[in-house]
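Peer 1: One-letter residues, chain by chain:
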Amino acid sequence: MSWLLFLSDLIVPLTFFGILLFAFMKKTPVYDHFISGAKDGFGTVMTIAPTIIGLMVAVGMLRASGALELLGNLISPVTDQMGYPTEAVPLTLMRLVSSSAATGLLLDIFERYGPDSFIGRFVSVMMSSTETVFYTMSIYFLSVKITKTRFTLAGALIANFSGVLMSLWLTYRLFP
Amino acid sequence: MILLAIVVAAFTGNIPALTNAAIESAREAVMLCITILGVLSMWTGLLTVADRAGMVKTLSRKLKPTLRYLFPELGRNHPAHEPIATNFIANILGLGWAATPSGIMAMKALQKDNPSKDTATKSMRMFMVINMSSLQLVTISVVAYRTQYGSANPSEIIGPGLIITMATTVIAVAFCKVLERFNL
Chain X
33 MSWLLFLSDL IVPLTFFGIL LFAFMKKTPV YDHFISGAKD GFGTVMTIAP TIIGLMVAVG
93 MLRASGALEL LGNLISPVTD QMGYPTEAVP LTLMRLVSSS AATGLLLDIF ERYGPDSFIG
153 RFVSVMMSST ETVFYTMSIY FLSVKITKTR FTLAGALIAN FSGVLMSLWL TYRLFP
Chain P
13 MILLAIVVAA FTGNIPALTN AAIESAREAV MLCITILGVL SMWTGLLTVA DRAGMVKTLS
73 RKLKPTLRYL FPELGRNHPA HEPIATNFIA NILGLGWAAT PSGIMAMKAL QKDNPSKDTA
133 TKSMRMFMVI NMSSLQLVTI SVVAYRTQYG SANPSEIIGP GLIITMATTV IAVAFCKVLE
193 RFNL
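Which chain is which? The protein sequence lines are X and P, in order. So the mapping is simple: this note's numbering equals the position in the first sequence, first residue as 1, plus 32. So the mapping is simple: this note's numbering equals the position in the second sequence, first residue as 1, plus 12.
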């Protein structure tokens with residue numbers, strides 16, 4: 033399984049190499065395109081910055097109030113049985129609804145336990161292998177006014193929950 | 013969330029901690045934005061290079077045979093093929109801004125052939141379930157957040173995330189194909 037960690041180290045440099053090689057072969061102005069793309073990225077961060085501030089404040093306050101612990105205490109009998117980190121439950125559920133709210137909870141976990149703790153690694157992998165199902169469903173189906181979705185939600189939820197379980201299993205396997 | 017926090021804090025006696033938490037979190041959020049400003053700009057810059065060099069187009073052409081397997085209803089040359097391919101490729105590369113418009117275009121193209129306009133077709137279901145099974149191979153923002161919080165090896169989660177992303181997509185396809193088998 034350690035080849036997966038090797039792959040982790042390789043993938044970003046390889047992506048750089050592949051894209052730059054492809055672009056040079058196509059004789060495109062690489063530097064100009066990079067600058068204009070980086071500008072877009074800059075703009076994106078600027079537009080999401082207020083959201084991040086708002087959500088992190090909300091999550092920070094929610095944690096200080098003790099609400100997350102209350103929820104945790106409520107469900108820990110079930111999650112402990114499965115070996116599922118209770119603190120990750122709010123994030124797991126929020127991930128399906130809103131990407132930015134999930135990010136707020138993810139950062140909260142990083143801050144409390146560190147990104148290299150078991151739960152920190154687990155939520156990192158989980159965030160990478162799940163999707164905001166409810167948000168995507170509503171946007172795409174609303175755009176063509178479809179109301180009967182014929183098990184689409186069931187399929188998406190099955191894919192996502194198997195992603196969560198595989199993340200948990202793989203984190204146990206890779207980072208004992 | 014904030015209202016909930018204040019109400020709960022009133023019950024648990026944590027009111028004094030709230031002000032500190034709010035101010036501390038706001039400060040932290042700005043620090044975080046500075047980190048991701050660098051990483052995200054670098055990444056979108058790189059992906060724009062790929063996009064403008066025609067990489068998305070080249071890759072979506074290679075996707076053609078796969079699309080025929082996934083959407084047998086559509087035949088060989090359906091106008092929905094192109095936006096579907098663009099949407100998948102954009103999602104795989106993590107180009108969120110390019111994924112949504114092409115996704116909506118794909119849905120509209122599929123809707124044209126739909127006999128009952130309020131019900132999803134098999135192709136729509138396949139497209140949506142794959143789309144929502146998480147396609148993005150490298151979630152660079154999570155790597156950036158890990159850097160900000162002092163991870164010794166921020167990128168170590170890319171490999172596992174990548175494998176699981178592929179596995180969930182296979183599960184999504186299998187789910188739809190099984191339903192089709194039973195004519196649901």
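Since the hints were made in silico from the structure, they are not lab data. Using N, Cα and C, we set each Cβ at its ideal position, and we do this for glycine too. There's no promise every hint is true.
Said to hold, decoys possible - One side only, chain P facing chain X, incomplete, derived with CB under 8 angstroms:
id: 1; residue: A21
id: 2; residue: S37
id: 3; residue: V42
id: 4; residue: T112
id: 5; residue: V150
What the hints assert, rightly or not - Capping the alpha-carbon separation at 20 angstroms, the derived lysine to aspartate or glutamate pairs in EDC-like fashion look like this:
id: 6; chain 1: X; residue 1: K180; chain 2: P; residue 2: E192
id: 7; chain 1: P; residue 1: K74; chain 2: P; residue 2: D130
id: 8; chain 1: P; residue 1: K134; chain 2: P; residue 2: E192
id: 9; chain 1: X; residue 1: K180; chain 2: P; residue 2: E85
id: 10; chain 1: X; residue 1: K177; chain 2: P; residue 2: D130
Peer 1: Now tell me, hint by hint, if it's right for this structure.
Peer 2: To see whether the hints hold, each was checked on the structure:
{"no.": "1", "hint": "A21", "result": "4 angstroms, holds"}
{"no.": "2", "hint": "S37", "result": "3 angstroms, holds"}
{"no.": "3", "hint": "V42", "result": "7 angstroms, holds"}
{"no.": "4", "hint": "T112", "result": "7 angstroms, holds"}
{"no.": "5", "hint": "V150", "result": "6 angstroms, holds"}
{"no.": "6", "hint": "X:K180 x P:E192", "result": "16 angstroms, holds"}
{"no.": "7", "hint": "P:K74 x P:D130", "result": "32 angstroms, violated"}
{"no.": "8", "hint": "P:K134 x P:E192", "result": "7 angstroms, holds"}
{"no.": "9", "hint": "X:K180 x P:E85", "result": "19 angstroms, holds"}
{"no.": "10", "hint": "X:K177 x P:D130", "result": "6 angstroms, holds"}
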